[in-house]
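**Q** One letter stands for each residue in the lines below.
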Amino acid sequence: MTANQEIKNTYSPTGNLLADGEFLEDIRRQMIRFATLQLSDSHMAEDAVQEALIGALKNVASFGGRAALKTWVFAILKNKIADVLRHKQRTVNIGSLVNDEDEEADLSELFDRKGFWQPDERPVAWGNPEESLREGQFWQVFEACLDGLPPKQARVFMMREFIELDADEICVTVELSTSNLHVLLHRARLRLRECVENKWYLQGERNDELS
Amino acid sequence: MMNCREATQLMSASQERELSLAERMSLGVHTMMCKGCHNYKQQMGTLRTITRAYAKGKNEQLENKS
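First to last, the protein sequences are chains P and X.
First residue of the first sequence? That's 1 in the numbering used here, and the numbers climb one at a time after it.
First residue of the second sequence? That's 1001 in the numbering used here, and the numbers climb one at a time after it.
Isolated chain P, as found in the complex (with noise of 0.2 Å):
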């Protein structure tokens, strides 16, 4: 971007977001698709998300282009995600957590009989991570292997991470047991782990552009 057009995304981003249709169905459509996923419940999903976008639009003016206004929704909608959380205890049902075969499947591919890694599931360095994440490639593979989650594990992780709710927090509001909150968040971030390693920094071009 050249200085001339940040200045203009900077001074006058106004009219241009608000006349972009695609931009905003687009946001729109993110934006229900993560809060259907933490309050599994589409109406419930839609108030929300139609808030966030109101409150936000109201000031739109102060912001800088895209980016920035596309922030600002998505801290809206997390704090209006949180606050129904946490006063609809009991409302949201995770439903009936994860049976035992499952979990035995999912982890006989990483770890052999006696709970060692198994020789090609073991985790690699990640060289410099903080390199990655000004890659916008990287953030793709980031996305995907978060769409790649089981439901609940994905819930649960995002009510975890994304939005920063303490377990406490997520246990009451999903009726969980603190015992079941840990093995599915153990289970999502071995999952995203390995998806990330096997689909980022395990790739050769990745090691290419290192030597």
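Please note that the accuracy of each hint is not assured.
With a straight-line cut-off of 30 Å between C-alpha atoms, the simulated DSS-like cross-links for lysine-lysine are [to be verified]: (1) Lys114(P) x Lys1041(X); (2) Lys58(P) x Lys80(P); (3) Lys152(P) x Lys1041(X); (4) Lys199(P) x Lys1041(X); (5) Lys1041(X) x Lys78(P); (6) Lys78(P) x Lys152(P); (7) Lys199(P) x Lys78(P); (8) Lys1035(X) x Lys114(P); (9) Lys114(P) x Lys58(P).
Simulated from the structure, these hints should not be mistaken for lab results.
Starting from the known structure of chain P, fit chain X onto it as the hints suggest.
**A** Positioned in the frame of chain P, the structure of chain X alone reads:
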């Protein structure tokens, strides 16, 4: 000695609660001897950094710059 499965469980749990002294010690011994779990431990921190950056819209800001 604790196995890798138990070690990863503890490392995940440490993101939610403080580990006891006994847990920290046996985990410490394990990660000292196990390269895989040593790497896993680093990655737990990285995963959190990545997710928080993602939540803050880091990916979008990047896309806009390019």
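**Q** All hints, please: hold or fail.
**A** Verification of the hints:
no.: 1; hint: Lys114(P) x Lys1041(X); verdict: 20 Å, holds
no.: 2; hint: Lys58(P) x Lys80(P); verdict: 17 Å, holds
no.: 3; hint: Lys152(P) x Lys1041(X); verdict: 24 Å, holds
no.: 4; hint: Lys199(P) x Lys1041(X); verdict: 19 Å, holds
no.: 5; hint: Lys1041(X) x Lys78(P); verdict: 28 Å, holds
no.: 6; hint: Lys78(P) x Lys152(P); verdict: 18 Å, holds
no.: 7; hint: Lys199(P) x Lys78(P); verdict: 28 Å, holds
no.: 8; hint: Lys1035(X) x Lys114(P); verdict: 17 Å, holds
no.: 9; hint: Lys114(P) x Lys58(P); verdict: 58 Å, violated
Checked against the numbered hints listed earlier, the structure breaks hint 9 alone; every other hint is satisfied.
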